[in-house]
Amino acid sequence: MFKFNNINLDIWTETYGISFYLTYLSRWPDLCCVQEAPNGHMMGYVIGKAEGHGQDWHGHVTALTVAPEYRRLSLARKMMSLLEMVSDETYKGFFVDLYVRCTNSVAISMYEGLGYSVYRRVREYYGSLGLGRASKDEEDAFDMRKPLSRDPHRRSVRANGREFVVSAHDVS
Amino acid sequence: MSTALDRQIRPIYDALDTQSNKSAVLACNKVLKKQPNNVLVKALKALALVRLQKVEESLLLADEVLAKKPTDDGVLTAMMHVLRGLGRHSDIVAMFETAYKQHPQNEDLGTQTFFANVRVGNWKAAQQVATKMHKQFQDDRYLYWSIFSAVLQANDMATPEALRPVLLKLALRLISSGNTPSYFNPDRFYVHLLILRELEMYDDAATLLNHEIGQKICETSLVCDEIRRDIMKLKGACKQEGEQAKVKILEKKDRNWLEFLSLLDATFWDIASTSEPASEDVKAAVTEEIAKTRKVFSEAATVDGLKDRSGLLALLELEKRTKSHGLWTDACEIRMMAENYFSQFGDKACCYEDLLPYLAFEGEELEQWTSFLNSRKSFDTPDTLQRSINVYKLLRYNLTSAELTPELELARAQEYIKVYLDGLKFGVNLPDTELQPADDFAILVGHAYVSLWKLTGEESHLQSAAATLEYASARSKQSYRIRLLLIRIYHLLGAPALALDHYRLMNVKQVQTDTLSHLILSRAAMWSLAPLGDITYMSECMEASQIYMSNSTETAEFIARAFSTERYSQIIDFIEFEDRLDNSLQRDLMKVEHVRMRVAHEPLNAELVDMELIELKFIFDRIHHDNRDFEVIPNYQPRCQPSFNEQTLPLKPPGAGWLSAYLKVYIRAFQEASDLDETVEDKLLIGDRPKPSNDPENQLPLRERLVKKRQEEIDDLSEDEKLFYEYTLALSEWVGPYHDYVRPPPSALLAEAAKSNDLKPGHPLKSMAAAANGSATNGHSKKDEEPPAVKESPELIPKFFDDMKSRFDAVISGTALPSELLHIVATTQEAYLLFALETVRFKPNSIIKQYKFGQLAQSFKDLRVKASSILNEMSTVLAKLGEEVATPDGRKAFVQASSSIQDSSGVRLYFVSVKASAHHFTV
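If you read the sequences in order, they're chains A and B. Residue 1 is where the first sequence starts when you use the numbering used here, and the numbers rise one by one after that. Residue 1 is where the second sequence starts when you use the numbering used here, and the numbers rise one by one after that.
Okay, chain A solo, but in the shape it has when bound:
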């Protein structure tokens, strides 16, 4: 946390309180991973958790971020596949899901390239970025999912997820 400034000063990366990071590290340390460059600078990190009941048991990507200077190197792809591997093998989840701002088109197309699809749209999930633009898209999130080996029939995804809208109260 003393070294993540080059990553977290970027606008798409939120900096949380101490308890946020320590909660994840004290419960799911194997779903948290940092990538460092040979010179010791942090390149990116992923923070995840395992949650849900029964068929809904899944891995969740809470934060995935790469510093601006280390982008376009497939680092996110590698961290996602690590998280998918651990969710699949260690936690035996049915799928992996994540939330992303509807305006973050770069991230959305990357996740689609990794096999994720939109499951539903969550209203007013995020705070405003305070830039005074199309704030509706900015505050809404897409819930995107990718089935794992325990869900061979792809029950955890659907084709027209962008049209399923729920409010932020209905999701945890």
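It should be emphasised that the hints constitute simulated quantities derived from the structure, not laboratory data. Hints are supplied without guarantee of correctness; some may be wrong.
[Claimed, not checked] Pair ranges (Cβ atoms, derived):
| hint | chain 1 | residue 1 | chain 2 | residue 2 | range |
| --- | --- | --- | --- | --- | --- |
| 1 | B | Lys239 | A | Glu36 | 22 to 32 angstroms |
| 2 | A | Glu89 | B | Gln136 | 30 to 40 angstroms |
| 3 | B | Asp73 | A | Gly54 | 29 to 39 angstroms |
| 4 | B | Phe379 | A | Gly54 | 54 to 64 angstroms |
| 5 | A | Gly52 | B | Lys101 | 53 to 63 angstroms |
Just so it is clear, CB atoms sit at the ideal spot from N, CA and C, and this is done for glycine as well.
Since the structure of chain A is provided, determine the placement of chain B on it from the hints.
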């Protein structure tokens, strides 16, 4: 709990949950009227009171509850919060221990007692509780709690050296006594490995690791794999590791950089592991190894192509190490590798940082490299733009001092501007949340202008830098890197308000305030307009300090939680994290700045003096960690020049020595001005004291340590601050004896405190019992002594003000930056304020008469007049300067300086405020 009682208590909890503390107190009083001995309600009332800052009342109730030795869960939980609020952490431990002793069968109480000890880092006691619990409840989890507590005790700085191996051996013995082997889960396995490593039992560790389950665990657990690498290295099994790494790289396509490092270490092991000069045979063998390794890396690079850069980077590292070990390598090998790397990854932003360690070329190599780069410039697509950015950065890196003339740098600045403006076309359609692809060219412009300023000393170059960067920042609103440069440049130009604006736009928060607030709060008192009543910088300090509060309330809780989830591998990190924040250098630097600003802003009364005296004494003995992040500031200056960070620091950044010097200055001054002496302070203070330091140097009495100068301190101070430091020493030596004589005796003070407390509703303080039988005679006997003879002021004191005046005159006639002038003025002002602080006690006429201090008062008056007239002069000059810059001519000059990109900004504003400030503190 009966339903009737539950009905009465529910509203109290509801009120507490919603932070309606006043109504919680009322609800408690209602119940207490009928049931005056209800312990739970008393505890809840104490909680509401402590939240309302009614510390004394809460304290009394809390003591009443504790005296009842509560064991009820609700009472204990409430009390835990109360005592935390009062800062009485050791009482929390005692409370749970008492409860657990009464109910040794209660597993939950045992757990709570263990956690209470964990939270305060009391590992010895934690270990004993866990051992007891393991015996009682036969759960291996408690066994591991006790094992890990022993490990942590061994790690603790306070544990004597000789005891450490004993504790570790005990832990090891306990592991073998468990019902399940340690590889039951990865974290227990980690603990086992850790102990073996600390005991240097590497072979035993290797046996565990080579076991099938051990290998399996290391494959999926990164922390276990990390400690495995460490142990293998310590064991000297580098070659074996290298072989494994080779397999992983080639067959499993593992691209973990640590694997590449393992193979590199193994390759050079025969030379690197001994200090003896290598024989020809050894050299030949290593050369052969190098060839093999080169093949592995080349293969990885070919397989990966553009997918991964590890192979190519490893090849570069291999050549670099070959050269550094004096083994034969073709002179052009590294350059060829670098060119190869550039050809593949030259259009990635990471290229510059990746290549940097390998580029110290000279002579012909440099020429070839330069011409290679020059041929790679092109600006057709966003990708080639990024490549050109890398080209420009890499060319700049290898510039020699001969190439850094003002003319050439100016030409470069102009070229960077041109390509920057061209490059903007690639970002025209991007949303304003995206970075402009050409940003780094603007950053290069900033670097060139700063270098020009360094070469010529002309302030106009800094203005040009600021103008270009402001323009770029408007184009790329999210670029924090541009803002970082602007913050530094505005400080140099004496425009802290603009620097603060950019800092705020970076949205620094939470733990970032610890690592980044130095950008804005280093020597904040110098920038602050606190004397004018502007508390912007003071509130910035308060805001940045929030993280330390949340660290002390939250982090310990997570250490306890990591025990309950048995994530031992995280605990050591959490403890280190807590310690680094708790004892952060920046934290206490900020505290000192806040005190300096308070002194300038507020009336100098007992409230300020007593409170800050206690707080500064609390932090005086800390061993600090420097968490400040300077690396985040971009640097593209040539390698023969200092970095951008070093070039743009207005003064050397304050370090531990600076902190120690200023703590001494202020503790001394406050001690003299305060009526509190140690005995009084001890009686009136609530809550835990800091743990005593073990450093033998700290065993001397505080008074002696405060007047001791250390070289480390002097080295950290600027020239002006050194003068100031000497001045404060002379000042307190001079006035100290008069303070000691006039200060009222402790007994009088305590009686006073008791009286004021009696006036309040509630009960007298506990400490008052001691006050009542205070040593009254001691106080009176003092008055029988003759007052100390009045001495003339030491020469150093008036001389300081004269010196500062001549410093000021010398600097203003040269080409000084506004920031330098400000530093001189602010230091003089601070000296004046400390003088006021140290003489305020002797102001009343009654004191002068009673102690025959007429002559002393006259010396004070003379000095005050002298100091204020010098400050007045300075302020007049500054005010004039401010007006000059604020005129249309001055603005025009600024616009001219930034003619490349027309953008005027508000630098002049600050001069106007300095003027006002100077006026203020001379009044």
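Here is what the structure says about each hint:
Evaluation of the 22 to 32 angstroms hint for Lys239 (chain B) and Glu36 (chain A) yields a pass: the beta carbon distance comes to about 25 angstroms. Our hint of 30 to 40 angstroms for Glu89 (chain A) and Gln136 (chain B) holds, since their Cβ atoms are close to 37 angstroms apart. Restraint check, Asp73 (chain B) to Gly54 (chain A): a C-beta distance of roughly 32 angstroms satisfies the suggested window 29 to 39 angstroms. The hinted window of 54 to 64 angstroms between Phe379 (chain B) and Gly54 (chain A) holds, with their beta carbons roughly 57 angstroms apart.
Judged by the Cβ atoms, the range 53 to 63 angstroms given for Gly52 (chain A) and Lys101 (chain B) is violated: they are separated by roughly 42 angstroms.
Checked against the numbered hints given earlier, this structure breaks only hint 5.
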